[in-house]
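Chains as they are written, first to last, in the working numbering: chain X, 1 to 128; chain S, 1 to 128; chain B, 1 to 128; chain E, 1 to 128; chain U, 1 to 128; chain W, 1 to 128.
If you're looking for bench data, these hints aren't it; they were derived computationally from the structure. There's no promise every hint is true.
Same chains, same names: a pair is fine if it fits in one copy or spans any two.
With a straight-line cut-off of 20 Å between C-alpha atoms, the simulated SDA-like cross-links for lysine to any residue are [said to hold, decoys possible]:
(1) Lys58 to Asn87
(2) Lys58 to Pro91
(3) Lys25 to Val128
(4) Lys122 to Gly28
(5) Lys78 to Arg115
(6) Lys122 to Tyr33
(7) Lys58 to His39
(8) Lys25 to Leu118
(9) Lys122 to Glu56
(10) Lys58 to Asp24
(11) Lys78 to Leu30
(12) Lys78 to Ala29
(13) Lys58 to Gly88
(14) Lys78 to Tyr33
(15) Lys58 to Glu93
(16) Lys122 to Leu30
(17) Lys78 to Leu116
(18) Lys58 to Asp92
(19) Lys58 to Thr90
(20) Lys78 to Ala20
(21) Lys122 to Val49
(22) Lys122 to Met27
(23) Lys122 to Ala35
(24) Lys122 to Gly31
(25) Lys122 to Asp2
(26) Lys15 to Asp127
(27) Lys122 to Glu32
Number of protein chains: 6
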Amino acid sequence: MDTQELYRRGLAVRKQMFGADAVDKRMGALGEYGAPLQHMINAYAYGDVWSRPGLERKIRSLVVIGMNAAINRAAEFKVHMNGALNNGCTPDEIREVCLLVALYAGIPAANDAHRLALEVFKERGIDV
Amino acid sequence: MDTQELYRRGLAVRKQMFGADAVDKRMGALGEYGAPLQHMINAYAYGDVWSRPGLERKIRSLVVIGMNAAINRAAEFKVHMNGALNNGCTPDEIREVCLLVALYAGIPAANDAHRLALEVFKERGIDV
Amino acid sequence: MDTQELYRRGLAVRKQMFGADAVDKRMGALGEYGAPLQHMINAYAYGDVWSRPGLERKIRSLVVIGMNAAINRAAEFKVHMNGALNNGCTPDEIREVCLLVALYAGIPAANDAHRLALEVFKERGIDV
Amino acid sequence: MDTQELYRRGLAVRKQMFGADAVDKRMGALGEYGAPLQHMINAYAYGDVWSRPGLERKIRSLVVIGMNAAINRAAEFKVHMNGALNNGCTPDEIREVCLLVALYAGIPAANDAHRLALEVFKERGIDV
Amino acid sequence: MDTQELYRRGLAVRKQMFGADAVDKRMGALGEYGAPLQHMINAYAYGDVWSRPGLERKIRSLVVIGMNAAINRAAEFKVHMNGALNNGCTPDEIREVCLLVALYAGIPAANDAHRLALEVFKERGIDV
Amino acid sequence: MDTQELYRRGLAVRKQMFGADAVDKRMGALGEYGAPLQHMINAYAYGDVWSRPGLERKIRSLVVIGMNAAINRAAEFKVHMNGALNNGCTPDEIREVCLLVALYAGIPAANDAHRLALEVFKERGIDV
Chain X
1 MDTQELYRRG LAVRKQMFGA DAVDKRMGAL GEYGAPLQHM INAYAYGDVW SRPGLERKIR
61 SLVVIGMNAA INRAAEFKVH MNGALNNGCT PDEIREVCLL VALYAGIPAA NDAHRLALEV
121 FKERGIDV
Chain S
1 MDTQELYRRG LAVRKQMFGA DAVDKRMGAL GEYGAPLQHM INAYAYGDVW SRPGLERKIR
61 SLVVIGMNAA INRAAEFKVH MNGALNNGCT PDEIREVCLL VALYAGIPAA NDAHRLALEV
121 FKERGIDV
Chain B
1 MDTQELYRRG LAVRKQMFGA DAVDKRMGAL GEYGAPLQHM INAYAYGDVW SRPGLERKIR
61 SLVVIGMNAA INRAAEFKVH MNGALNNGCT PDEIREVCLL VALYAGIPAA NDAHRLALEV
121 FKERGIDV
Chain E
1 MDTQELYRRG LAVRKQMFGA DAVDKRMGAL GEYGAPLQHM INAYAYGDVW SRPGLERKIR
61 SLVVIGMNAA INRAAEFKVH MNGALNNGCT PDEIREVCLL VALYAGIPAA NDAHRLALEV
121 FKERGIDV
Chain U
1 MDTQELYRRG LAVRKQMFGA DAVDKRMGAL GEYGAPLQHM INAYAYGDVW SRPGLERKIR
61 SLVVIGMNAA INRAAEFKVH MNGALNNGCT PDEIREVCLL VALYAGIPAA NDAHRLALEV
121 FKERGIDV
Chain W
1 MDTQELYRRG LAVRKQMFGA DAVDKRMGAL GEYGAPLQHM INAYAYGDVW SRPGLERKIR
61 SLVVIGMNAA INRAAEFKVH MNGALNNGCT PDEIREVCLL VALYAGIPAA NDAHRLALEV
121 FKERGIDV
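Can you build the whole structure from these sequences, using the hints too?
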């Protein structure tokens, strides 16, 4: 497959998951300087890995939330909180992941994850 | 609930997931010195968090594998590879998680995860 | 021991260490959604581990500050800075821990730890 | 060499790299409490390691930027972004390092690095 | 560009850097199960990022060594030690990177990096 | 103070803590190539930070063990297990630190710490 096609496929997946406006805003924030990274994200991350058939998107989202909480990447955690909700994860399922974070990456990581999750619920008007 | 009951419930979950022999071996390796940690693992990790109803065990396993790969804990990753397989995860689903590790925690983490996964498949006689 | 008793014992320890108001505020911030995590923190972290007799609280605080600085958890570091001061640690002892952070986790970690420690001293009106 | 001489040599290197005002500001922010850490930074980090002849400063800066992006130290990353530019690194070379961060430490680390790099370019009026 | 062409280009770069035998061995070790990861490594890591013109390979190697030391990935560190030497880095330049690791990621990371570097020098018969 | 004097003072502290044979062996393992790192360790880590009066060595050891467990540095953890025992820490005190590791850095980190601690006890013939 041509990498431009991979890019377009990935960009479409990304917009399904996060909404076109959010993706445009994120891509715009990095501008021309960030174009090579956006290519990696669109073509390789979403056009390839996220487009693979072997695991449903909802489960991928839960795994990705858990990993980002564990490795302390707050901005990416919030992005994928939104993706998880759009992919059909419930706040309760997300909470179970955040409790697993406490076990495997420690309570400070779980505290941060809970706080960030609640920020996203509030931004989206979700009552938990 | 009494903490001893929590402990028994968790130990039962743990033996379902990893097999009684593997759990006995792991608990024995830490001995009397490790008894307080084993109490935390049995009562709090498995008796509480893993016993919660809100997310099926198979998905929990995939999240936990992803987190342990991301935070570089090889021994725990291998333990939960076995748990994942016993909980019904397929090698293909596990591979999808390991590819997500490449995106979110980097290629070195994904290389280590693949290598360890293949070790577990080999130990269990699983042909991939 | 019943887990509710463990919870009450832990909550009492926590309030001794951080003050009732600070604990109420932190528990309130996570709300109902965070209740399972608060249960883990109160019952397991403070009711069990922090209530164990084998090491005085002041030393526990210094260890916990060092760990949180090393693993880059700023919010938890500040919480335990307050706990450390309430447990009798002096600013000078805390500084020694922050200098050990430079050796074992690197200068960026030590810089962040110093900056956060100074924020807490300022919030509490401690002149250093 | 006397450690005070090492300190003076390092402080001079540091001021060459970051500008005297920026160094004064950073040292002042940590005050008397941070004097032992500043001694380590000036004498040992800049007076010794950064003063060694075996690798040009520009390359050191690129390595240090990559490491700080990988280990998630935003404040230090921004400090060394300024050092890198003063040491002669171009925005394009810095971008190549940030793309390597994506491969080896994951896309969230690369996203954070790009965002912080763009902040520094903007603060310095560099058009990219 | 077609992704298969990207793959071939990356595989050629990789073989230049590590030798055809070493690459064949590494790819063989992960087998069919690891083919999607190898695709990511060959096409995206080496065919895209490492093939970009903006920074010479030798400097890329030093950055990658520093990052892998900092994030504690021993196997990848050794792979890229070999790549660094093949890309023209000298043992002395590599040592300067390992000393920067001490400053930014701590002495334990630098100790591990030195030990692994010496293992590679010994494997290759390099006298340091 | 002259850095050579700092070096000698630190080397003496280090030999008190780990034994002259262990230090000679560790320094010999890194050889001439590792001499600059050994200088940093002897002069700056032990001659400066560890020689400061503000915190007793035994407490420093417990902090350092906790940090190394949290940041996943097994070799350094074992070195400082020996230092801790020589500095007067008891196996029970060390266990309390390892249980705090479970809370703040997660159960996988605590499992690794317990396993490594038991290895050191066995190597030294300490019955726990």
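The hints, checked one at a time:
1. When the C-alpha separation of lysine 58 and asparagine 87 is checked against a cutoff of 20 Å, the pair qualifies both within a copy, at 5 Å, and between copies, at 18 Å.
2. Both within a single protomer and between protomers do lysine 58 and proline 91 lie at most 20 Å apart by alpha-carbon distance, with minima of 12 Å and 18 Å respectively.
3. Taking CA atoms no more than 20 Å apart as the test, lysine 25 paired with valine 128 passes between copies only; the shortest distance there is 18 Å, against 27 Å inside one copy.
4. Taking CA atoms no more than 20 Å apart as the test, lysine 122 paired with glycine 28 passes between copies only; the shortest distance there is 15 Å, against 25 Å inside one copy.
5. For a Cα distance limit of 20 Å, the shortest separation of lysine 78 from arginine 115 qualifies both inside one copy, at 10 Å, and across copies, at 15 Å.
6. For the homomeric pair lysine 122 and tyrosine 33, the shortest alpha-carbon distance between copies (12 Å) is at most 20 Å, but the shortest distance inside one copy (32 Å) is not.
7. For the identical chains of this complex, lysine 58 and histidine 39 are neighbours neither inside a copy (24 Å) nor across copies (24 Å), given an alpha-carbon limit of 20 Å.
8. Taking CA atoms no more than 20 Å apart as the test, lysine 25 paired with leucine 118 passes between copies only; the shortest distance there is 15 Å, against 22 Å inside one copy.
9. Taking the shortest Cα distances, lysine 122 and glutamate 56 never come within 20 Å of each other, neither inside one copy (26 Å) nor across copies (26 Å).
10. Within a single copy, lysine 58 and aspartate 24 get their C-alpha atoms no closer than 23 Å, and across copies no closer than 35 Å, so neither meets the 20 Å cut-off.
11. In this homomeric assembly, lysine 78 and leucine 30 come within 20 Å of each other (Cα to Cα) both inside a single copy, at 17 Å, and across copies, at 16 Å.
12. For the identical chains of this complex, lysine 78 and alanine 29 are neighbours both inside a copy (16 Å) and across copies (18 Å), given an alpha-carbon limit of 20 Å.
13. Taking the shortest Cα distances, lysine 58 and glycine 88 sit within 20 Å of each other both inside one copy (6 Å) and across copies (17 Å).
14. Proximity of lysine 78 to tyrosine 33 under the C-alpha cut-off of 20 Å is restricted to the inter-copy arrangement: shortest distance 17 Å between copies versus 23 Å within a copy.
15. For a Cα distance limit of 20 Å, the shortest separation of lysine 58 from glutamate 93 qualifies both inside one copy, at 10 Å, and across copies, at 13 Å.
16. For a Cα distance limit of 20 Å, the shortest separation of lysine 122 from leucine 30 across copies, 12 Å, qualifies, whereas the shortest one inside one copy, 26 Å, does not.
17. In this assembly of identical chains, the alpha carbons of lysine 78 and leucine 116 lie at most 20 Å apart whether taken from the same copy (7 Å) or from different copies (18 Å).
18. For the homomeric pair lysine 58 and aspartate 92, the shortest alpha-carbon distances inside one copy (13 Å) and between copies (16 Å) are both at most 20 Å.
19. Proximity of lysine 58 and threonine 90 under a CA criterion of 20 Å is satisfied in both settings, with 10 Å inside one chain copy and 17 Å between copies.
20. For a Cα distance limit of 20 Å, the shortest separation of lysine 78 from alanine 20 inside one copy, 17 Å, qualifies, whereas the shortest one across copies, 30 Å, does not.
21. In this assembly of identical chains, the alpha carbons of lysine 122 and valine 49 never lie at most 20 Å apart, being 30 Å within a copy and 25 Å across copies at closest.
22. In this assembly of identical chains, the alpha carbons of lysine 122 and methionine 27 lie at most 20 Å apart only when taken from different copies (17 Å versus 24 Å within one copy).
23. Taking the shortest Cα distances, lysine 122 and alanine 35 sit within 20 Å of each other only across copies (17 Å), while inside one copy they are farther apart (31 Å).
24. For the homomeric pair lysine 122 and glycine 31, the shortest alpha-carbon distance between copies (13 Å) is at most 20 Å, but the shortest distance inside one copy (29 Å) is not.
25. For a Cα distance limit of 20 Å, the shortest separation of lysine 122 from aspartate 2 qualifies neither inside one copy, at 41 Å, nor across copies, at 35 Å.
26. Proximity of lysine 15 to aspartate 127 under the C-alpha cut-off of 20 Å is found in neither arrangement, the shortest distances being 25 Å within a copy and 29 Å between copies.
27. When the C-alpha separation of lysine 122 and glutamate 32 is checked against a cutoff of 20 Å, the pair qualifies only between copies, where the shortest distance is 14 Å, while the shortest distance within a copy is 32 Å.
The structure fails to meet hints 7, 9, 10, 21, 25, 26 from the earlier list, while all remaining hints are met.
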